[in-house]
Amino acid sequence: MRDTSRATPDFEPASRALTSLVLGVTDQQLTAPTPCAGWVVGDLLDHLVGLTVAFRMAAEKAPDGAPDGPGESTMANLDPEWRTVLPAQLDQLAAAWRVPSAWTGDAAAGGVVLPAEVMGLFALNELVVHGWDLARATGQAYDVAPQIVECLHGLVSQQASSEGSPGLFGPLITVPAEAALLDRVVGLTGRDPAWAAPTAS
1 MRDTSRATPD FEPASRALTS LVLGVTDQQL TAPTPCAGWV VGDLLDHLVG LTVAFRMAAE
61 KAPDGAPDGP GESTMANLDP EWRTVLPAQL DQLAAAWRVP SAWTGDAAAG GVVLPAEVMG
121 LFALNELVVH GWDLARATGQ AYDVAPQIVE CLHGLVSQQA SSEGSPGLFG PLITVPAEAA
181 LLDRVVGLTG RDPAWAAPTA S
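If you count by the working numbering, then the sequence shown holds residues 1 to 201, one letter each, in order.
Among these hints, one or two may not hold up.
In silico EDC-like pairs for lysine to aspartate or glutamate, Cα to Cα no more than 20 Å straight-line [said to hold, decoys possible]:
| no. | residue 1 | residue 2 |
| --- | --- | --- |
| 1 | Lys61 | Asp27 |
| 2 | Lys61 | Glu117 |
| 3 | Lys61 | Glu126 |
| 4 | Lys61 | Asp106 |
| 5 | Lys61 | Glu81 |
No lab work stands behind these hints: they were computed from the structure.
Based on the sequences and whatever the hints tell you, model everything.
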């Protein structure tokens, strides 16, 4: 039986923030670099299109659509209607994880099966950290509710390592203890909080 006394995170604020960022991306920025090594903005958007479906299906306990792991994220595969598709999928993702049963039992995504409450946190982490990636790559402001960042800090602190976790996080980057909590989360996932998009010369 589910422990109803324990609150589960609300995806809605992260979903809204990411939707705002997506709608702020211009066509000219699709080929801009991102903090994700080797990815341009279009690649990142394609990744977001895929993960929003995968984690929604995980919440709904649907069969894993990618039992061998996620395919390559590339701008070449990006849905031409991404400005409409991605916000709609973000809404659906938030709604799916609002259902109490989403957090019970096991959940599968990308060929990985985890306790649903852990899978939910990984899904939320993907939204928040990739939101940071997109904001930095496109020069947009980004704000995340402190309680969400605190929740994710606990998750990534347990997973981060100096060698990185293949398919999950890069090698951790040391961030001062007094830095903003979001910067520390970003560093634990292998990103440099000081990363900024190159300026035109």
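A quick look at each hint next to the structure:
no., hint, in the structure
1, Lys61 x Asp27, "violated (35 Å)"
2, Lys61 x Glu117, "holds (13 Å)"
3, Lys61 x Glu126, "holds (19 Å)"
4, Lys61 x Asp106, "holds (8 Å)"
5, Lys61 x Glu81, "violated (27 Å)"
When the structure is compared with the earlier hints, violations turn up for hints 1, 5 and for no others.
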